[in-house]
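Participant: Those protein sequences? They're chains A and B, same order as listed.
Numbered by our numbering, the letters in the first sequence go through residues 28 to 445 in order.
Numbered by our numbering, the letters in the second sequence go through residues 28 to 445 in order.
None of these hints come from the bench; they were simulated from the model.
Everything hinted at is true.
The list cannot tell twin chains apart, which means a pair is met if one copy fits it or any two copies do.
Computed cross-link-like contacts, DSS-like style, restricted to lysine-lysine with a CA-CA straight-line distance of at most 27 Å:
no.: 1; residue 1: LYS32; residue 2: LYS240
no.: 2; residue 1: LYS240; residue 2: LYS222
no.: 3; residue 1: LYS331; residue 2: LYS312
no.: 4; residue 1: LYS383; residue 2: LYS131
All values reported here derive from a predicted model rather than from experimental measurement.
Number of protein chains: 2
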Amino acid sequence: MTEIKQTIESRARAAMKASITLANLSTAIKNEALLNMAAALVKNKEEILKANAVDVKAAKEKGVKTSYIDRLTLNDKRIEDMAEGLKQTVALPDPIGTGDLYVKRPNGLEIRRVRVPFGVIGIIYEARPNVTVDAAALCLKSGNACVLRGGSEAINSNKCIVSILQKAAYAAGIPEGAIQFIDIIDRDAVIMMCKLRGIIDIIIPRGGAGLIKRVTENSSVNVIETGTGVCHEYVDVYADLDMALNIAINGKTSRPSVCNALETILIHKDIAQKFLPMLKPALEKRDVEIRGCERCLEICPDMKAATEEDWATEYNDLIVSVKVVEDVEAAIEHINKYNTQHSDTIITQDIKNAHKFLTEVDAAAVYVNASTRFTDGFEFGFGAEIGISTQKMHARGPMGLEALTTTKYLVYGEGQIR
Amino acid sequence: MTEIKQTIESRARAAMKASITLANLSTAIKNEALLNMAAALVKNKEEILKANAVDVKAAKEKGVKTSYIDRLTLNDKRIEDMAEGLKQTVALPDPIGTGDLYVKRPNGLEIRRVRVPFGVIGIIYEARPNVTVDAAALCLKSGNACVLRGGSEAINSNKCIVSILQKAAYAAGIPEGAIQFIDIIDRDAVIMMCKLRGIIDIIIPRGGAGLIKRVTENSSVNVIETGTGVCHEYVDVYADLDMALNIAINGKTSRPSVCNALETILIHKDIAQKFLPMLKPALEKRDVEIRGCERCLEICPDMKAATEEDWATEYNDLIVSVKVVEDVEAAIEHINKYNTQHSDTIITQDIKNAHKFLTEVDAAAVYVNASTRFTDGFEFGFGAEIGISTQKMHARGPMGLEALTTTKYLVYGEGQIR
Chain A
28 MTEIKQTIES RARAAMKASI TLANLSTAIK NEALLNMAAA LVKNKEEILK ANAVDVKAAK
88 EKGVKTSYID RLTLNDKRIE DMAEGLKQTV ALPDPIGTGD LYVKRPNGLE IRRVRVPFGV
148 IGIIYEARPN VTVDAAALCL KSGNACVLRG GSEAINSNKC IVSILQKAAY AAGIPEGAIQ
208 FIDIIDRDAV IMMCKLRGII DIIIPRGGAG LIKRVTENSS VNVIETGTGV CHEYVDVYAD
268 LDMALNIAIN GKTSRPSVCN ALETILIHKD IAQKFLPMLK PALEKRDVEI RGCERCLEIC
328 PDMKAATEED WATEYNDLIV SVKVVEDVEA AIEHINKYNT QHSDTIITQD IKNAHKFLTE
388 VDAAAVYVNA STRFTDGFEF GFGAEIGIST QKMHARGPMG LEALTTTKYL VYGEGQIR
Chain B
28 MTEIKQTIES RARAAMKASI TLANLSTAIK NEALLNMAAA LVKNKEEILK ANAVDVKAAK
88 EKGVKTSYID RLTLNDKRIE DMAEGLKQTV ALPDPIGTGD LYVKRPNGLE IRRVRVPFGV
148 IGIIYEARPN VTVDAAALCL KSGNACVLRG GSEAINSNKC IVSILQKAAY AAGIPEGAIQ
208 FIDIIDRDAV IMMCKLRGII DIIIPRGGAG LIKRVTENSS VNVIETGTGV CHEYVDVYAD
268 LDMALNIAIN GKTSRPSVCN ALETILIHKD IAQKFLPMLK PALEKRDVEI RGCERCLEIC
328 PDMKAATEED WATEYNDLIV SVKVVEDVEA AIEHINKYNT QHSDTIITQD IKNAHKFLTE
388 VDAAAVYVNA STRFTDGFEF GFGAEIGIST QKMHARGPMG LEALTTTKYL VYGEGQIR
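Please model the entire structure based on the sequences and the hints provided.
Facilitator: Below you can see the structure in the form of structure tokens.
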């Protein structure tokens with residue numbers, strides 16, 4: 028155990044050492060490195076596929092879920108997509124070195140606030156090799172060294188990819204040590220990473236609720252919480268019901284496994300009689316299981332009953348909970364009790380109810396007449412996404428490159444004392 | 028214990044309930060409340076002084092330090108100053124409701140990012156009754172409900188002050204429950220507050236290193252770390268030595284108990300022979316104890332020797348550690364090893380060394396040719412200060428009203444799906 032701990036700490040320290048040079052590197056060198064990394068991935072495609080095949084074989088033998096295998100599996104197209112992602116990062120504006128405040132004080136002190144990298148970012152994720160490339164690219168572009176820890180089922184793929192990325196980055200002038208990978212399968216490796224306060228500056232967990240809980244509960248390093256989404260659609264009495272139906276279908280079925288998918292639909296009592304008989308067959312046709320409140324069951328007696336637990340559940344699956352509510356106040360109250368502060372939407376043509384919902388629902392993104400599925404760095408126009416923050420500190424909602432930076436005050440004097 | 032826990036949780040929940048209305052209150056009502064609170068403090072001066080006398084008497088009987096008694100003691104002037112502080116908060120611009128991003132996406136979605144309160148802020152501080160007023164005012168102006176927990180030695184003063192503030196605020200239209208005070212002396216009350224994730228949104232500890240450590244290590248609520256400052260002055264080979272001396276004296280002696288005071292002076296080896304004999308008598312004349320490295324002792328043999336521990340110590344007292352270093356690189360290396368990422372300054376006339384120091388020292392505020400004592404919300408022109416953040420997440424350096432806010436995306440559609 029001590030040996031594992033030492034390995035992790037020494038890698039994090041190497042990242043810390045590299046981070047000082049990396050923080051002050053020109054955009055040109057960082058972009059050059061990203062292009063080199065893209066080319067190297069394509070060039071070494073065969074090697075990556077070979078390593079990936081080992082992981083896929085082992086995962087299949089372990090009998091894991093098909094969706095899991097799918098995310099783990101690489102092919103020519105997926106490697107080219109990863110390389111494409113690196114090239115897109117080149118096109119993003121460099122967040123480092125820009126200033127957002129300049130004041131000259133009465134005593135002559137000049138104070139500038141400039142954007143600087145965090146230093147070392149730890150990213151803990153599941154068995155998705157593309158996240159390795161993505162995370163390394165966004166950290167590098169924002170001037171941060173990184174310590175990556177991917178799910179153990181992708182260990183061979185990740186080791187191979189990281190080694191290719193490191194060589195390509197360092198050859199382009201990125202300081203050695205800037206990209207670190209923890210190739211230790213032991214689950215405690217995650218906890219050990221989380222204890223490196225003073226070496227790792229922030230940790231971003233990317234993955235399911237279990238992973239995120241383990242990280243937030245054990246970390247002495249500051250964490251940006253991402254991802255869990257119990258998202259709601261509230262169909263107001265003044266809703267366009269066709270629009271509401273469309274958004275319900277889209278929110279639940281377009282990609283049920285993601286965090287911005289819909290989990291609960293709330294319906295105003297005065298339109299429930301009309302809307303539920305529209306909603307039920309439309310969702311059932313798409314294989315969605317519906318779990319309704321008592322009042323739903325009065326209208327549709329063949330509906331499965333929802334339990335208290337359902338309201339707080341992120342199904343990540345073709346299941347949805349439905350509840351009839353008194354009014355917009357009751358909808359907001361339900362949402363503020365059960366949401367994960369991710370994304371919630373109201374469907375209404377009434378400006379007062381829309382305004383009330385927007386101001387009173389406590390979530391990173393609150394919508395009027397649109398699908399919660401849009402909460403996403405690319406859909407928001409940020410050109411990148413390292414995750415979706417569901418906390419209020421530092422960054423909220425989809426996080427682009429800027430979320431990977433902090434600020435620093437530079438103060439210029441001529442001998443001023445206080 | 029369970030009873031204490033229930034009391035704390037129910038107060039925090041009351042704050043949470045009030046926070047929804049408070050978040051959307053007009054600036055006019057908030058300002059009205061602040062003025063009411065100011066008037067009420069002055070009007071009830073006698074009552075406050077009586078409660079304070081009980082605390083001061085008990086503290087004296089316990090035999091606590093004089094400086095401690097001084098911070099605890101109120102008088103007419105101090106109560107008027109607290110009222111003045113409330114009035115100054117009225118003059119500050121309201122951070123809530125301003126937007127910092129607006130995009131219309133190709134699909135017609137309109138996305139706005141607006142500034143909103145956190146919700147409920149927990150503030151844990153020591154036995155300084157003025158912090159009670161200050162914290163309540165800044166939370167209120169930024170639209171946040173607050174749960175205050177001051178040092179137990181000030182319990183009677185704080186209870187009296189909070190009750191006056193509550194009455195005055197609620198009479199002006201602030202929702203009841205918005206200002207909460209934990210009048211429980213038990214030290215575990217702090218830990219219990221720190222566990223209320225989901226009710227309290229952030230916790231800001233204000234006080235010494237011990238308090239801050241207890242909070243950061245035990246909190247499941249996000250914490251903004253404030254305050255500890257091991258601040259450095261590096262006297263470069265190209266320094267104006269009179270300026271360097273002036274800044275050393277100011278940094279160490281103008282207010283040794285505060286976090287932006289100087290703790291360590293690093294001196295370039297080529298000027299040490301000249302500068303140390305200037306520095307030593309000047310500091311000693313002001314009762315400063317100097318602890319030097321080996322090379323210092325070669326130049327001034329009667330100097331007390333510094334130990335490894337000294338380099339990492341925030342004395343908060345008339346003690347300073349002094350070290351001779353090879354060059355600017357060695358100075359930066361020492362600082363990045365021992366500083367608390369608060370404030371560090373270089374004294375130099377050389378633009379290259381100044382630039383190197385500014386970019387490579389990892390601290391909230393990095394100075395050239397000025398005293399570290401300026402790291403302060405008022406000195407920076409923010410008009411307020413809830414503390415000085417020494418972490419990189421969310422806010423860094425002096426925190427004004429904006430640091431007490433987060434953002435929220437409001438998204439307007441016309442039925443868009445993805």
